[in-house]
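First to last, the protein sequences are chains A and B. Numbering of the first sequence is given in the numbering used here, commencing with residue 1 and proceeding in unit increments. Numbering of the second sequence is given in the numbering used here, commencing with residue 1 and proceeding in unit increments.
Only true hints are included.
Heads up, the list lumps identical chains together, so a pair's fine if it works in one copy or across two of them.
Below, computed lysine-lysine pairings styled on DSBU-like, alpha-carbon distance capped at 30 Å:
id, residue 1, residue 2
1, 127, 49
2, 297, 393
3, 130, 74
4, 345, 204
5, 130, 49
6, 345, 194
7, 204, 343
8, 74, 127
9, 24, 130
10, 194, 343
11, 194, 336
12, 268, 194
13, 466, 428
14, 297, 473
15, 224, 280
16, 268, 224
17, 299, 74
18, 299, 393
19, 343, 428
20, 49, 33
21, 336, 24
22, 35, 336
23, 415, 382
24, 336, 204
25, 24, 343
26, 336, 74
27, 382, 466
Worth flagging that the hints you see were computed from the coordinates, not collected in a lab. Since this is a predicted model, take the numbers as computed values, not measurements.
Number of protein chains: 2
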Amino acid sequence: MELMIPLDGQSTVPMYEQIYLHIKQEIRQGNLKAKSRLPSTRTLAEHLKVSRSTTQLAYEQLLSEGYIESVPCKGYFVSAIDALVEVQDHPSGLFVALEPGEEEGIQVDFSPRGIDLNSFPYNTWRKISKNILVDDNKALFLNGDPQGEYALREAIRSYLHSARGVCCSADQIIVGAGNEYLLMLLSLVLGPDKVIAMENPTYKQAYRVFESQGYQVLPVNMDKSGLDVGMLDRKKSEKALADKKGEPDFIYVMPSHQYPMGIVMPIKRRQELLAWACEKEGRYLIEDDYDSEFRYKGKPVPALQGMDRNGRVIYIGTFSRSIAPAIRVGFLVLPKNLMAEYKRKAGFFASTVSRIDQNILYQFLTEGHYERHLNRMRSVYKAKHDCLMGELKGLEQAFWIAGEHAGIHLLLTHKEGISEEVLIARAKESGVRVYGLSRYVIHPENNQYPSTVILGYANLTEAMIKEGCRRLKAAWN
Amino acid sequence: MELMIPLDGQSTVPMYEQIYLHIKQEIRQGNLKAKSRLPSTRTLAEHLKVSRSTTQLAYEQLLSEGYIESVPCKGYFVSAIDALVEVQDHPSGLFVALEPGEEEGIQVDFSPRGIDLNSFPYNTWRKISKNILVDDNKALFLNGDPQGEYALREAIRSYLHSARGVCCSADQIIVGAGNEYLLMLLSLVLGPDKVIAMENPTYKQAYRVFESQGYQVLPVNMDKSGLDVGMLDRKKSEKALADKKGEPDFIYVMPSHQYPMGIVMPIKRRQELLAWACEKEGRYLIEDDYDSEFRYKGKPVPALQGMDRNGRVIYIGTFSRSIAPAIRVGFLVLPKNLMAEYKRKAGFFASTVSRIDQNILYQFLTEGHYERHLNRMRSVYKAKHDCLMGELKGLEQAFWIAGEHAGIHLLLTHKEGISEEVLIARAKESGVRVYGLSRYVIHPENNQYPSTVILGYANLTEAMIKEGCRRLKAAWN
Chain A
1 MELMIPLDGQ STVPMYEQIY LHIKQEIRQG NLKAKSRLPS TRTLAEHLKV
51 SRSTTQLAYE QLLSEGYIES VPCKGYFVSA IDALVEVQDH PSGLFVALEP
101 GEEEGIQVDF SPRGIDLNSF PYNTWRKISK NILVDDNKAL FLNGDPQGEY
151 ALREAIRSYL HSARGVCCSA DQIIVGAGNE YLLMLLSLVL GPDKVIAMEN
201 PTYKQAYRVF ESQGYQVLPV NMDKSGLDVG MLDRKKSEKA LADKKGEPDF
251 IYVMPSHQYP MGIVMPIKRR QELLAWACEK EGRYLIEDDY DSEFRYKGKP
301 VPALQGMDRN GRVIYIGTFS RSIAPAIRVG FLVLPKNLMA EYKRKAGFFA
351 STVSRIDQNI LYQFLTEGHY ERHLNRMRSV YKAKHDCLMG ELKGLEQAFW
401 IAGEHAGIHL LLTHKEGISE EVLIARAKES GVRVYGLSRY VIHPENNQYP
451 STVILGYANL TEAMIKEGCR RLKAAWN
Chain B
1 MELMIPLDGQ STVPMYEQIY LHIKQEIRQG NLKAKSRLPS TRTLAEHLKV
51 SRSTTQLAYE QLLSEGYIES VPCKGYFVSA IDALVEVQDH PSGLFVALEP
101 GEEEGIQVDF SPRGIDLNSF PYNTWRKISK NILVDDNKAL FLNGDPQGEY
151 ALREAIRSYL HSARGVCCSA DQIIVGAGNE YLLMLLSLVL GPDKVIAMEN
201 PTYKQAYRVF ESQGYQVLPV NMDKSGLDVG MLDRKKSEKA LADKKGEPDF
251 IYVMPSHQYP MGIVMPIKRR QELLAWACEK EGRYLIEDDY DSEFRYKGKP
301 VPALQGMDRN GRVIYIGTFS RSIAPAIRVG FLVLPKNLMA EYKRKAGFFA
351 STVSRIDQNI LYQFLTEGHY ERHLNRMRSV YKAKHDCLMG ELKGLEQAFW
401 IAGEHAGIHL LLTHKEGISE EVLIARAKES GVRVYGLSRY VIHPENNQYP
451 STVILGYANL TEAMIKEGCR RLKAAWN
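Could you build all of it, start to finish, from the sequences and the hints given here?
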């Protein structure tokens with residue numbers, strides 16, 4: 001079977017996506033019948049004059065969505081409709097941010113999880129990868145240091161010191177594959193049966209990890225300066241708090257730019273947090289500095305860790321937002337006094353990041369590419385931020401707008417209290433997806449925040465932002 | 001400063017290692033003084049006409065061993081001796097297998113952890129990597145499926161089915177970065193406060209993970225067929241067993257080739273294990289099939305998982321041994337009845353392997369490279385195995401030799417009972433490192449096994465094996 005797929009080399013839609021969309025449509029429209037055999041990825045690639053990985057990516061996506069099946073040693077076949085219905089239940093997770101129109105009828109998706117990959121320095125990344133593999137570097141294929149390669153940790157230390165004011169040595173840094181993994185490792189170091197206070201709303205993935213590790217999580221509501229430390233002592237944070245085991249051992253905070261509220265914690269509140277941590281042995285603050293790189297107004301706010309003189313702050317950072325989610329590299333900075341515990345309780349966990357990837361990242365950092373990339377992204381995101389702020393002008397009578405000047409999303413709180421559900425539903429009817437604040441709230445049934453929706457803008461073009469805002473205004477006014 | 005480093009392009013010692021060794025020697029001999037500045041990696045690379053990543057790897061190793069220090073924005077400097085002593089305490093983990101002579105005086109290191117990287121298809125790996133990055137494959141830089149890319153899981157499924165007789169669908173496979181991570185994920189799925197029986201001696205890393213997750217571990221001694229299921233019911237496995245919480249919920253076994261004992265579990269014992277698992281709700285067998293690829297005699301033994309008709313076997317495998325440790329890719333195969341639990345309790349853990357690496361591995365598997373590589377490695381390891389068996393001839397009067405025909409190590413048990421410590425010490429005096437069985441024993445203070453040492457041969461040349469055996473005979477006879 002030969003597939004005639006019209007490819008547009010000038011399109012912004014990547015080749016593999018054009019192939020994927022075409023075959024999907026052919027199957028949906030019944031032009032490709034169930035059980036019919038597709039050409040191999042190699043044949044199709046030769047036929048279309050594209051590389052094989054392009055056709056493989058397209059097939060991979062079709063496989064994961066259940067449109068086609070792979071039969072070992074035989075090839076790829078169009079799925080029967082039954083099979084299709086069954087497998088569509090599986091969340092494929094692919095294209096989450098790339099394909100805003102994936103859900104029927106959605107034209108503009110203000111996803112707060114997206115990042116802009118159009119400005120990613122693919123050439124540089126490719127060149128570094130190639131050079132690393134060109135050498136007869138056998139050692140790269142062996143197991144490395146459980147904490148991550150020393151040179152990479154040193155490069156991270158140097159960056160954190162100059163950009164974030166973090167004070168540490170490379171010995172205190174642990175490199176790992178993603179936040180969930182690192183938080184799991186951290187909870188091994190901190191020990192079982194602990195109580196942790198978290199800002200509410202918060203980064204739900206962190207909440208899920210702590211829950212999965214058997215921690216009791218105390219959600220603490222915020223005022224305009226962020227988490228109110230006084231609430232903890234007076235046990236007012238949530239009425240549930242008084243009934244529970246008691247006071248927290250740790251507080252998980254995002255002082256540089258709270259997710260999702262966008263609050264930058266003022267210095268006084270930070271000092272209160274540090275004082276709280278020093279009051280009792282064994283108390284720690286876990287500072288998640290997930291997107292501090294993006295700030296468009298005023299001076300960058302140094303990390304809480306840099307203010308700490310008593311080894312009470314555990315710092316966690318990631319390259320998922322500043323480089324790309326698939327890089328799968330984040331890092332923990334432990335206070336010196338926790339290093340012995342780390343080595344004893346979790347030091348046997350081999351590093352989850354391959355030495356090859358560590359080496360690529362190391363060169364990306366030390367050769368200045370990271371800094372250049374961040375500068376570029378700051379201006380890309382600032383332009384999108386400014387565009388969105390401008391386009392939201394007509395909505396100011398009905399909404400309070402918050403979270404500007406930093407990060408890659410904004411919050412819109414309705415002044416009259418039209419519910420989140422109604423705002424989301426009306427937006428959806430107009431082909432726009434926005435996200436309710438309540439999805440970030442721990443125990444959303446107790447959500448005390450006024451009706452708020454979140455608009456992420458990182459992976460939208462300015463044209464899409466404009467179109468999205470036009471539709472939102474029509475839907476909400 | 002210019003460094004004159006004599007490089008030997010014909011040597012089997014890689015370039016970066018020659019550079020590393022030369023500088024280390026210069027520092028040790030005092031030719032390079034503390035605080036003196038080294039050339040930048042770029043300058044040195046240009047000077048020596050090697051690629052920059054070669055000099056970077058050399059410096060990285062020197063950094064991690066504390067011979068040099070990096071001062072941000074200034075460069076690399078020779079460390080003072082004080083600093084050197086301090087940082088040498090850190091286990092760098094580098095070159096564990098590559099550099100047998102690292103410890104003073106050791107000429108031949110029969111490490112059971114080593115693998116042979118001389119036969120690794122670097123060119124193929126490089127070519128695949130290059131092709132994947134050549135395309136404008138933005139999607140690869142986004143987050144993927146938490147279980148791993150569907151196409152890769154399908155490729156693993158197909159391999160497991162044909163090579164190991166494992167029956168599963170791609171939906172039951174979870175790809176993750178390394179065994180420790182996957183076992184941690186598994187213990188989240190299985191729930192807290194469980195009792196797990198493990199073969200004793202065993203793979204200590206797995207033991208450490210289960211302990212770290214709060215599991216009670218019951219070490220069970222083995223007979224010549226492996227773990228004796230009867231021992232569990234009669235609570236005879238170890239006197240500690242009777243005092244403890246009771247019977248196990250799970251059994252962790254390596255039926256294809258027990259590590260480190262090298263026992264291949266006979267069919268009858270396997271059936272007993274499966275019957276044990278079916279006796280009670282919630283019982284599972286965890287089958288670690290870590291090096292089943294290497295078998296030199298007789299038919300390959302299919303996995304226990306393939307015999308299971310009741311969804312009681314959890315299968316775990318890895319590419320660390322069959323490809324390379326640094327690949328950091330392993331996988332779990334869960335029974336269907338555990339998938340809902342997985343999704344509920346651990347499905348939010350994002351994949352720890354980057355999509356780029358998953359794609360490289362996918363192509364390595366599906367384009368036939370893996371099969372060819374395994375065939376090549378089987379013959380490489382068989383030749384080393386046969387060489388070692390031949391060279392051990394003179395030791396047969398004093399030792400029983402076990403664990404042959406499979407895997408990449410042998411066991412030597414002393415017939416007269418000269419202690420492990422003495423055997424190891426005498427070998428060391430002769431410049432040979434061998435490994436005591438007791439390091440794999442849970443609660444080594446209760447070690448009931450006769451004096452046994454382990455000889456791994458994967459990363460030794462035949463000449464080194466011969467030299468090592470010559471020395472061992474002189475030391476032990």
